[in-house]
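By our numbering, the letter at position 23 of the sequence shown is numbered 23, and the numbering carries on one by one without gaps.
In case anyone wonders, no lab produced these hints; they're calculated from the structure.
Please note: incorrect hints may appear among the correct ones.
Pairwise CB distance ranges (calculated) [claimed, not checked]:
no., residue 1, residue 2, range
1, Asp119, Pro85, 19 to 25 Å
2, Gly104, Leu31, 32 to 38 Å
3, Leu31, Asp74, 37 to 43 Å
4, Gly2, Glu33, 35 to 41 Å
5, Ala126, Thr58, 30 to 36 Å
6, Glu18, Gly101, 34 to 40 Å
7, Glu116, Asp161, 20 to 26 Å
The C-beta atom is built at its ideal place from N, Cα and C for all residues, glycine as well.
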Amino acid sequence: MGYWGYYVVGRSERPLNEYAAVAGVHDELTLLERRPDGWQVWEVPGGDGARDVGNMNTLALETGSPALFGYVMDSDCVVVEAAAPESGAWTTCLAREAMAGYLGDDGLTVEDYFLEPRDAADRAVAWAAESGRRVTAEPLLDVLSADPEPSAEQLFFRFLDRLGVLPQ
């Protein structure tokens, strides 16, 4: 059995768990890593997708900087929700083929729920620009189209790196 859990990513001088946007999981958030320029990655392990970890739109407005949530499902795929104060919110997923296996039998597809990789890459470029990062769509598109090898968690962190949210 793989990893199930949420990552909360934002930029602030204050710890992200102090913001009202994530108050519902305040006690469950654990700082995973600090990255340069005030970026923080927090984790809430577990969950079945029904947990309310907060509102990334509100977190983006409260911090004045882009925010991103990643929900990892059994190390197979990741739901990515992102928002920025100016460019707004968008949702996509990593490991689309694996994600399709988690959808119900109501006839809806991955494309019904999530932005296509090209559209997501374009939105991600705008998200990164709003955080002062200059990135291009192609490296992001590579990650958005990749298989989750060796895990969806590593794919998620590769996505962060391509957004310019680089580790120390």
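Structure-based check of all given hints:
1. Between Asp119 and Pro85 the beta carbon distance is about 20 Å. The supplied range of 19 to 25 Å therefore holds.
2. Take Gly104 and Leu31: their Cβ atoms lie about 34 Å apart, and the range 32 to 38 Å holds.
3. Taking the beta carbon of each, Leu31 and Asp74 are about 24 Å apart, not inside 37 to 43 Å as hinted.
4. Checking the proposed 35 to 41 Å range against Gly2 and Glu33 shows it is violated: the Cβ atoms sit about 20 Å from each other.
5. Checked against the hint of 30 to 36 Å, the pair Ala126 and Thr58 fails, with Cβ atoms roughly 19 Å apart.
6. The hinted window of 34 to 40 Å between Glu18 and Gly101 holds, with their beta carbons roughly 37 Å apart.
7. Roughly 22 Å separates the CB atoms of Glu116 and Asp161, a value that falls within the hinted 20 to 26 Å.
Violated hints, in rising order: 3, 4, 5; the structure is consistent with all others.
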